[in-house]
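K.L.:
Since chain C is already given, all that's left is putting chains B and V with the ligands on it; use the hints.
Spelled out from the first residue to the last, the chains are:
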Amino acid sequence: MILLESLTKLFPGQATPAVDRLSLEVPAGQTCVLIGPSGCGKTTTMKMINRLVEPTGGRIVLAGEDVTGMDPVALRRRMGYVIQQIGLFPHLTIGENIATVPRLLGWPAPRIGARVDELLTLVGMDPAIHRARYPRELSGGQRQRVGVARALAGDPPVMLMDEPFGAIDPITRLRLQNEFLRILRTIRKTVVFVTHDVDEAIKMGDRIAILRDGRLVQYGTPDDILAHPANGFVEEFVGADRALKRLDLVTVREVMQADSGAPTLPAGASIRHDATAKEALSAMLAMDQEGLRVVDANGRLVGLVSLSGIRRLIAGTTTLPA
Amino acid sequence: MVEAAWAYLLSHPKLFRDALVTHLTLSGCALAIATILAAPLGIILSRSPRAALVAINAANVARTVPSLAVLAIMLPILGTGFAPSLVALTLLAIPPILINAYVGIRQVDPDAIESAVGMGMTRLQVMARIELPVALPVISAGVRTAAVQVVAGATLAAFIGGGGLGDFITSGIALMQLPLLLVGAVPIALLAVGTELLFHLLERTLTPRGMRPGSS
Amino acid sequence: MQWALTHLDDIGWATWEHAVLVSVSVAVAFLISFAVAIWASRQPRVYPPIMGITALLYTIPSLALFALLIPLVGLGRVPAIIGLVAYSLLILIRNIATGLREVPADVVEAALGMGMGPWQLLLTIEMPLAMPVIIAGLRIATVTVIGIATIAAYINAGGLGTLIFTGIAQDFPAKIVVGAGLASGMAVGADAGLSRLERRLRARRAA
Ligand SMILES: Nc1ncnc2c1ncn2[C@@H]1O[C@H](COP(=O)(O)OP(=O)(O)O)[C@@H](O)[C@H]1O
Ligand SMILES: [Mg+2]
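Protein chains in written order, with our numbering: chain C, 261 to 582; chain B, 4 to 219; chain V, 30 to 236.
Source of the hints: derived by calculation from the structure; they are not laboratory data. Honestly, I wouldn't trust all of these hints.
[As the list claims (entries may be wrong)] Sample of chain C residues at the chain B side, in silico, Cβ under 8 Å:
1) R281
2) L312
3) R337
4) Q345
5) I346
6) T353
7) L364
8) G366
9) R445
Where is the CB? At the ideal position from N, CA and C, for every residue including glycine.
Bound conformation, chain C alone (with noise of 0.2 Å):
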């Protein structure tokens, strides 16, 4: 869907480019999260797909075609951009703001309307309520949902999403990133996301993206680059509790075994069988068990989990203290 080839980009007066000949492949509905310390060139590397940022070098294909070649207005108007700074607009209400690109489209007004109605839903806001107010009468986290609705306003093939919870607190962060992939589930799309945090990354993105000094590290699922970073850099950057971050990605079906009967085990001893691998990990130590039955959503028992299948699941991830 997005092709990044030998991108590159040299700002004028530097003597090294921000991105140097990046290329990756983002599949169609997928999200690809670019990873990296500050400085690595993230930012730029996003806005040389909506062409805020002219390459110096390489190209981009989108759904193939190249983008250079492409009108950058009618080009934007097919991706979602949201930016940390969110940037509503004052002096327009939420609905006037999550009106923009329809408005841009030219839509008629009926269906804007439901538009906006059907965004501020679906990001968990009351239209009745929020739709005639101004930005500056929302919480930051509000402002953030409506930096969302407002990009896929257009209802674009692509998001362009430069840290866009990284200006929220913890709490409410954790509640954006859960409902964002609850509305990915329900409207497919591809999906470039920059963050600097990697539980953010591990959590967002179908693949990972590491970047260093405008170069590619590694390209991989979230899995691969944990089980198998490809350097010390990676290794590092991903932190030494990798192994345990391994275990947020499985779910405890993927580790049980068939129900062997298992009579030592107490009666409060089951976990159900789409917790992580982690959360059973976690009932174990705080029950002392060796083993925790597995439940499926009707309290049927389905299988088995133990701290041995957990621990060969880790098994070649640990990482020794430096």
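P.N.:
Coordinates of chains B and V with the ligands only, in the frame set by chain C:
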């Protein structure tokens, strides 16, 4: 003395009306010309930092030049009458409008502009839909400052034969006729205060609801 | 311009008179404003009406204000100084009050906690911290007064306006140019000098 002033007013209605009309015409024309020239210029300057540095500094210096100096200096250049007064008052009105137009556009949140461009607005759309509406309160505050200054400055047009309500004061002082002073001074004061209030109202009207102080 | 060279003493005298008129007016206005601003900082309710009245005074065109003062105090320096003081009040009171209000509450609390009395607090803590804003007010007021003082010559207060008005009356361009030029130069110079002082104070406070 107040009665004497009132009596003078009633016995010279045409004289007073002419002075008032001259005063208003002079002020209105100067303000209109200055706005048409300076507001677009300030907006253009917000696009070119190098030219803006020079122009805004010049405007800031020009702003400190006394009104009387600007009017008086017209005399050797353009002579006396309405036209030199109009030129002088226009010059007086330009700096505040220019500076506020520039500042008004510059203070628009760059993130809002980036969002607008990123959403696919053309440069013209960004200007018309985001920058201008957001800057309008600041721009109109500049016009208000200029308007009050021009109405006051028009009083001084009397010194260079430009006419207006200042004529009553200069004759009042020359003839030491105190009622005449009132005939000039009271309407001038009311006119200035009225201008201030009128433009304040305009400024409020032009401020988008989401940006009005204390309306949340 | 031959005239200027042969009348340097007249020009010098007019400039001196102008400077004295401005200095006296701004000094008187500063003392009044300071007292009023302190009063308003202790008694916040009086602040809005004070701002209303001084804003009204500020809006009245100077020639009209001088004309209105003539029946009360006649011609000369007295009405001139009254008028010039009246124009300075809005800016000075506003800036002094703002400066004092912007002193961080924790700094004030710390000073009070160390046992400072209200006057000590004002003189050693609040005033120095508020100084850049106060100087900014002083700058705007001074520049305004330099300009308006030229008009005061019309009510016999002397100063650089005298050159301008005699130039107009005698159709003598050199006098107009010298008077207007010196008045402008004085305003621009005061603006530059006081803004440099203001910047220095800000820089020192930031350091
Ligand atoms: N407009 C610009 N002009 C010059 N250099 C820039 C510009 N924008 C970004 N850079 C430089 O490019 C590098 C990458 O910046 P950026 O993409 O913003 O990093 P990130 O988003 O990963 O923190 C930095 O060294 C930054 O200083
Ligand atoms: Mg960035």
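K.L.:
All hints are to be evaluated individually against the structure, with a verdict given for each.
P.N.:
Verification of the hints:
no., hint, verdict
1, R281, "violated, 25 Å"
2, L312, "holds, 6 Å"
3, R337, "holds, 4 Å"
4, Q345, "holds, 4 Å"
5, I346, "holds, 7 Å"
6, T353, "holds, 7 Å"
7, L364, "holds, 6 Å"
8, G366, "violated, 12 Å"
9, R445, "violated, 25 Å"
The earlier numbered hints that this structure contradicts are 1, 8, 9.
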